[in-house]
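So the protein sequences, as listed, match chains E and V. Start counting at 1 in the first sequence, then tack on 176, and there's your number in my numbering. Start counting at 1 in the second sequence, then tack on 1, and there's your number in my numbering.
Worth flagging that the hints you see were computed from the coordinates, not collected in a lab. Some clues are possibly wrong.
[What the hints assert, rightly or not] DEER-style ranges, computed between Cβ atoms:
id	chain 1	residue 1	chain 2	residue 2	range
1	V	T137	E	S395	51 to 59 Å
2	V	P118	E	A503	17 to 25 Å
3	V	A149	E	R504	24 to 32 Å
4	E	I261	V	R51	45 to 53 Å
[To be verified] If you want the ones that stay clear, here's a sample from chain V, every Cβ over 12 Å from chain E, calculated:
id	residue
5	G45
6	V61
7	P132
8	E135
9	R142
10	A150
11	V167
12	L177
[Stated by the list, open to error] Facing chain E, a subset of chain V residues (Cβ under 8 Å, in silico):
id	residue
13	D19
14	R36
15	R78
16	D100
17	N104
18	V173
19	P195
20	A197
Since the structure is predicted, the reported quantities are computational estimates derived from the model, not experimental observations. Using N, Cα and C, we set each Cβ at its ideal position, and we do this for glycine too.
Next come the chains, spelled out residue by residue.
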Amino acid sequence: MTADERGRPRTLADKVWESHVIRSADGEPDLLFVDLHLVHEVTSPQAFDGLRLAGRRVRRPDLTVATADHNVPTVDIDAPIADPISARQLEVLATNCAEFGITCYPMGHANQGIVHVIGPELGLTQPGMTVVCGDSHTSTHGAFGALAFGIGTSEVEHVLATQSLPQWRPATMAVNVDGELAAGVTPKDVVLAVIGLIGTGGGAGHVIEYRGSTIRSLSMEGRMTVCNMSIEGGARAGMVAPDEKTFAFLEGREQSPKGSEWEEALAYWRTLPTDDGATFDKEVDLDGGRLTPHVTWGTNPGHVVPLDGVVPDPDSFEGAENRDAAARALAYMGLQAGTPIREIAVDTVFLGSCTNSRIEDLRAAAAVLEGRHVREGLRALAVPGSRRVKVQAEAEGLDKVFRAAGFEWREPGCSMCLAMNPDKLAPGERCASTSNRNFEGRQGRGGRTHLVSPAVAAATAVAGRFATPGELDG
Amino acid sequence: MKPVVVITGRAVPLDRSDVDTDQIIHADWLKRVERTGFGAGLFGEWRDDRDFVLNDPRFVGATILIAGHNFGIGSSREHAVWALMDYGFEAVVASAFGDIFRNNSINQGLVPVQVTPEIERALMSAVTDDPSLEITIDVARGTVEAPAAGISSTFPLHEFTRERLVNGWDEVGLTLRHESDIDVFEQGRPAWMPVAG
Chain E
177 MTADERGRPR TLADKVWESH VIRSADGEPD LLFVDLHLVH EVTSPQAFDG LRLAGRRVRR
237 PDLTVATADH NVPTVDIDAP IADPISARQL EVLATNCAEF GITCYPMGHA NQGIVHVIGP
297 ELGLTQPGMT VVCGDSHTST HGAFGALAFG IGTSEVEHVL ATQSLPQWRP ATMAVNVDGE
357 LAAGVTPKDV VLAVIGLIGT GGGAGHVIEY RGSTIRSLSM EGRMTVCNMS IEGGARAGMV
417 APDEKTFAFL EGREQSPKGS EWEEALAYWR TLPTDDGATF DKEVDLDGGR LTPHVTWGTN
477 PGHVVPLDGV VPDPDSFEGA ENRDAAARAL AYMGLQAGTP IREIAVDTVF LGSCTNSRIE
537 DLRAAAAVLE GRHVREGLRA LAVPGSRRVK VQAEAEGLDK VFRAAGFEWR EPGCSMCLAM
597 NPDKLAPGER CASTSNRNFE GRQGRGGRTH LVSPAVAAAT AVAGRFATPG ELDG
Chain V
2 MKPVVVITGR AVPLDRSDVD TDQIIHADWL KRVERTGFGA GLFGEWRDDR DFVLNDPRFV
62 GATILIAGHN FGIGSSREHA VWALMDYGFE AVVASAFGDI FRNNSINQGL VPVQVTPEIE
122 RALMSAVTDD PSLEITIDVA RGTVEAPAAG ISSTFPLHEF TRERLVNGWD EVGLTLRHES
182 DIDVFEQGRP AWMPVAG
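Input sequences plus hints: build the corresponding full structure.
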């Protein structure tokens, strides 16, 4: 499983792709087998309806796992859900899963959480697998060396019915990040810088492989943060080659292979990394050693600058379309060109989402908040990514740190990342958010989102304006 | 899926780049479990602005959307496609599309017409200048034409995709012809691979 029969060196993406082709024919997309299909309440109801209409079954309920995440409230989860439409959608998920024999982790279940947090924590996400979900942040699972990508509801229906998906083979792109990250620079800053470099469409049509010493130095949680935001750079999938960190993370998890099967799996996983001499269709280099904390200023994740910087001048952009977009973004965000990022005050801080709600993210924020308090009048939410993350954080006493600092400590879910539940910004409210999208209205109508790392989110909550942890002591 | 061969109609110029699917249909609408009725939420927050192009009576009844670069980025929500089609759009013309949005469009029969930035700009100005301009998109031939404005171009589609669109083929049905291949593949999967529960 290194070079192919003809001795051609292959990339990680090539290997995973080629080992999942059920059928290949000239002029047709490859039919790929799907090893794991993750399902949530928002993009699945119409797919189940489609199955019923056509009288079809779920081919592999044993390779399908569902959870409730997008809609769930993060307070009072023992009480009936106030929003009847949300309540109905969650009910429909439970009914569909029961009807088609699919394992489902509803609100309150010990395994419930954001779909991209629970897959890895249960050991369901493993190297070399194909993973799909009706959610664009499925790219998260690529951190394990899986080929994982988001799909639409028609494709969800297709996977439910056939456990496969016809796909045109994407091009490959290497994002090489080398050098040691400076203190206070996090995986979130790495991926924000990558998106700033390639733009929102730079990865379109490509699978990204994140490579280089900076990426190797990241923990599994950090790699998940990086792969998670691949879609914000236009790439449906982002991957990191599996290594000892990957294996250590997986060993002993419920769904990880055990005993001789572990050895067998391990031997296979070690064949997956990109071969020496394999080429990519596109390569981008970034100096990890020179990175600093980043903050978005506009209305897409490519609108990003170092925290040390200023709000850019729309006139500095190339092309009328980009200048218009920047001017419109500044108007929406209520910002003036030239304003230092550090002088921008925020109303709300959101720590959570499939990008940054894992135990390490909570630890990083709590380390900043220990012995400090959020700025008076500022609203701060900490929303763990899953029930397990919440339980672990509480065992480590992190909930006490958050509460003492003035954060609200919530139940797991997607929460204010997309504001489908009651956690929303009010019009004009400005938020430092550890989530993945600063689109207009994403966190609530008229809300203004700035994407940051957990460490910057915590420091910003204390300072009341954008800040790094390092400057709080000054 | 309804077959789509030739689309002839007027267009709306949405001169914005990087239009994400959150703008096409807001997450509030995603709580619904139905597949219909999303047109009312299309570009919801932008439509509250009286000057937004969709509110311009000259563009009422248009069936083609001319959009800026990178249309349909972000979320995988197929609801964005349902909203565009429910509103009455049959095709979107842009110089680049989000990958997931493009797939969702094809799966629903909304034609993603990818043209060069020059053609995108030319169509955008032609339609802005003359809202009554008639545009013809021929899926079978892979062409987009606005004869009155002297614009004519081709757009790429895989032959397989073109066949699917013009015949309205359901992809699940196509795949199920190869069910025995899936059976064979499943036999060869290692026993240690994870299962649910």
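So, going through the hints one by one against the coordinates:
no. : hint                         : in the structure
1   : T137/V to S395/E: 51 to 59 Å : holds (55 Å)
2   : P118/V to A503/E: 17 to 25 Å : holds (20 Å)
3   : A149/V to R504/E: 24 to 32 Å : holds (31 Å)
4   : I261/E to R51/V: 45 to 53 Å  : violated (28 Å)
5   : G45                          : violated (8 Å)
6   : V61                          : holds (24 Å)
7   : P132                         : holds (21 Å)
8   : E135                         : holds (25 Å)
9   : R142                         : holds (18 Å)
10  : A150                         : holds (20 Å)
11  : V167                         : holds (15 Å)
12  : L177                         : violated (7 Å)
13  : D19                          : holds (5 Å)
14  : R36                          : holds (5 Å)
15  : R78                          : holds (7 Å)
16  : D100                         : holds (5 Å)
17  : N104                         : holds (6 Å)
18  : V173                         : holds (5 Å)
19  : P195                         : holds (4 Å)
20  : A197                         : holds (4 Å)
The structure shown violates the earlier hints numbered 4, 5 and 12.
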